[in-house]
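Asks: Going line by line, the protein sequences match chains W and B.
Mapping to the working numbering: the first sequence position 84 is 84, numbers consecutive.
Numbers given in the working numbering equal positions in the second sequence, counted from 1, plus 1000.
Keep in mind that the hints were calculated from the coordinates and are not lab data.
Model, not experiment: these values are computed from the prediction.
Don't take each hint at face value.
Said to hold, decoys possible - Think about it this way: if two alpha-carbon atoms lie no more than 16 Å apart in a straight line, the pair counts; the simulated EDC-like pairs of lysine to aspartate or glutamate are: (1) W:Lys-3 - B:Asp-1104; (2) B:Lys-1086 - W:Glu-60; (3) W:Lys-17 - B:Asp-1104.
Claimed, not checked - Not close to chain B: a few residues of chain W, all C-beta gaps over 12 Å, as computed: (4) Ser-54; (5) Val-252; (6) Phe-374.
Using N, Cα and C, we set each Cβ at its ideal position, and we do this for glycine too.
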Amino acid sequence: MGKIGLIIGREYLTRVKKKTFIIMTILGPILMAAAIIIPSYIAIKSSEKEPATSVGIVDESGFYDDVFVSTDRIEFKYLDSGLAKAKAQAISGEMPYVLYIPEADSGEFPSKAVFYGQENVGEKLKTVVTNIMSNKVKDTKLQQAGIDSELLKSIKTNIDVKSYKIDETGNEKRSYNEISQIIGYFAGLLIYMFIIMFSSQVMRGVMEEKSSRIVEVIVSSVKPFQLMMGKIIGIGLVGLTQFLLWIILTLVLVGAFGSSIIPKETNPIEVVNSVAPAGNEQVTDITQSIASSGVASDILNAVSSVHIGQILLLFLLYFVGGYLLYASIYAAIGGAVDSEDDTQQFMWPVTIIVLIPVVLIANIVNEPSGPIAFWLSIIPFTSPVTMMIRLPFGVPTWQLILSLLLLFGGFVVMTWLSGKIYRTGILMYGKRVTWKEIIKWIKTK
Amino acid sequence: MNIIHVNQVRKQYQNHLALNDVSFDIEKGSIFGLLGPNGAGKTTFIRILTMITAPDSGYILFNNEKLDSHNIADIGYLPEERGLYKKMKVGEQALYLARLKGLDRDTAMTELKKWFIKFDITSWWDKKVEELSKGMAQKIQFITTIIHHPKVLIFDEPFSGFDPVNASILKQEIINQRNNGATIVFSTHNMESVEELCDSIVLINNANIVLDGKVKDIKQRFGTSLYNFDIEMFDDYNQNIVEEMKHKVDDCLIKDGHLSGKISLDKYLGESYSNVSDKHLKAETTNMIVNDLIKIGNIVTFNEVLPTMNDIFIKTVTANKEEK
Chain W
1 MGKIGLIIGR EYLTRVKKKT FIIMTILGPI LMAAAIIIPS YIAIKSSEKE
51 PATSVGIVDE SGFYDDVFVS TDRIEFKYLD SGLAKAKAQA ISGEMPYVLY
101 IPEADSGEFP SKAVFYGQEN VGEKLKTVVT NIMSNKVKDT KLQQAGIDSE
151 LLKSIKTNID VKSYKIDETG NEKRSYNEIS QIIGYFAGLL IYMFIIMFSS
201 QVMRGVMEEK SSRIVEVIVS SVKPFQLMMG KIIGIGLVGL TQFLLWIILT
251 LVLVGAFGSS IIPKETNPIE VVNSVAPAGN EQVTDITQSI ASSGVASDIL
301 NAVSSVHIGQ ILLLFLLYFV GGYLLYASIY AAIGGAVDSE DDTQQFMWPV
351 TIIVLIPVVL IANIVNEPSG PIAFWLSIIP FTSPVTMMIR LPFGVPTWQL
401 ILSLLLLFGG FVVMTWLSGK IYRTGILMYG KRVTWKEIIK WIKTK
Chain B
1001 MNIIHVNQVR KQYQNHLALN DVSFDIEKGS IFGLLGPNGA GKTTFIRILT
1051 MITAPDSGYI LFNNEKLDSH NIADIGYLPE ERGLYKKMKV GEQALYLARL
1101 KGLDRDTAMT ELKKWFIKFD ITSWWDKKVE ELSKGMAQKI QFITTIIHHP
1151 KVLIFDEPFS GFDPVNASIL KQEIINQRNN GATIVFSTHN MESVEELCDS
1201 IVLINNANIV LDGKVKDIKQ RFGTSLYNFD IEMFDDYNQN IVEEMKHKVD
1251 DCLIKDGHLS GKISLDKYLG ESYSNVSDKH LKAETTNMIV NDLIKIGNIV
1301 TFNEVLPTMN DIFIKTVTAN KEEK
């Protein structure tokens, strides 16, 4: 144990001290905090009362004389002064935008409009105006066709679909499919990135030892298997350190900046903290109690409707399992080959397998309990990424347990095989290794 | 007394036999040469001795006990293909390698400091290995090989990559280690250094030992019974004796009043006495030759032409090949 401890220590310390590690550790939380704060910030900002934008209307056609109704955001003013004067108002800044609707050709509806303003007109304002105009034209046409205007109003009904998850105890919980999708995508890609990033570091580490020939000195002091496991564990701990630092720093950043940007009662930290460890009943209560407090808290509700604590814990478990599984494969590849070029022939099958859930991410998200999602989340090679995508939608406990058991079982089997390949490979120089040979290495006792 | 006893060690790889029931002994406190052409099985033997691989059959005794993983600390190994972690600092790395050999941190530190001062390289401690030249890196590696005071030191081509100055420092250090009681196993193709350093050798070819013993004995065994001589002739030398001598001497040269050439004992005695491996007869014959020579002049040189280890190596390996 003493020697494997030394190896773990070296692998860990040399990597943690590297500049790239420090930079990644700082950049990651900034990006993640930004991803959490900015949408909430925007939601709050857009819900706040801003002075309405004034739009002057010069309607030469007279067709739209009653449809432009001011709202909180846009104040429409019909101008009778004519286009030239209105333009002058736009130039002086008195009226930020002027909408000019020229007279239409005879027999047709006026369907053209021009904006004048010192600044480019926003896409949103354009859409509002377009909608108003096209609705007016549509309504007029329908009326001409003999359809009653009361009937027209009754046709336009807002459909509101919400979904609720019901658990065994009968508790209902508002579920936010869109948010689950986003979290699923994010967690799936993040775990994929983490697994590949750190397990390929194992491969590079092994190749470095082999190509610098230091491996022969080291295996005269420790067993090859100890060296391999020491490296895998050491680098795995680097991954865990990075992940934990990301979580802690992200929470600190969100706490620091979030509270100054977002009003106190909707501080995400508070919501996350109070919701994450709580049981379902409380989640429902809290969800209901703050459901009415505006758009911003609505988003936060959605986020908190997914168990952040559970996701973090399972992320760690699946990262450890998936990393160990792939790291032992990569260690064997690194041991078998002589140079970077040779890695390709062994890398592509691994790359394809690890990419399967990423490629099928849309299918998994659309049908998170379907057969594809199920099987991919049970098979060890694809389970970490698939499970992370499925998790926000809710996964039965028995599936989680089965998939984790298979994942760690797969790691044990894979490490045993890899150890054999590694042991022979690291002392083989100057020979292009084939698949056939690797199978022979596995067979030798 | 033998520190290492190799008994019937056999190692078979997928496609070839690397060691074919090899047996030999290494005497404690000696410098032992492990010789052989490329691919003969030397590295395989070293890897078995360092416990990197295990033999298929046979065993090795270390101090009369079966070689075991606790002997790792007793062995220092400098492989032919050597390297260090390029991005790691010299001191840190030396410390790491020393601790892997079982030294505790403090002892390793003290020992390393001593060596860094001795080799005058203390300023390298915080440098990265990639900043060092090849020769500098080799020095570090040498230190990490001997740092834990191993009883057996294995050097695989230790002088490759060293300039003559550093090579001679290294050579002296190897001899120092031996004088301090370590046994040196020395694998090389450089026959000059074998001649200079080794007490005894084994020559492995195609997985078998084809030659072993003390260097001195082997050279005698391969003796050619050929003598080099050079005499400064008297002014009034006997013309007849000289003429007679000329017939018995190869490469005879008379120049500036000197007579020189090579004398073969067989030829000198005639066909009937061809068996000069008889020590007594050999001594008698050389005395007789010297007697004849001093009649002509003063002897400047008279010595047996001994084959170099290089000659012996080539001769044995080629003969072995022809046999096959």
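Asks: None of the hints should be skipped; say for each whether it holds.
Replies: Outcome of the hint check:
1. W:Lys-3 - B:Asp-1104: 11 Å, holds
2. B:Lys-1086 - W:Glu-60: 79 Å, violated
3. W:Lys-17 - B:Asp-1104: 23 Å, violated
4. Ser-54: 64 Å, holds
5. Val-252: For Val-252 of chain W, whose nearest Cβ neighbour in chain B is about 31 Å away, the distance exceeds 12 Å, so it holds.
6. Phe-374: 43 Å, holds
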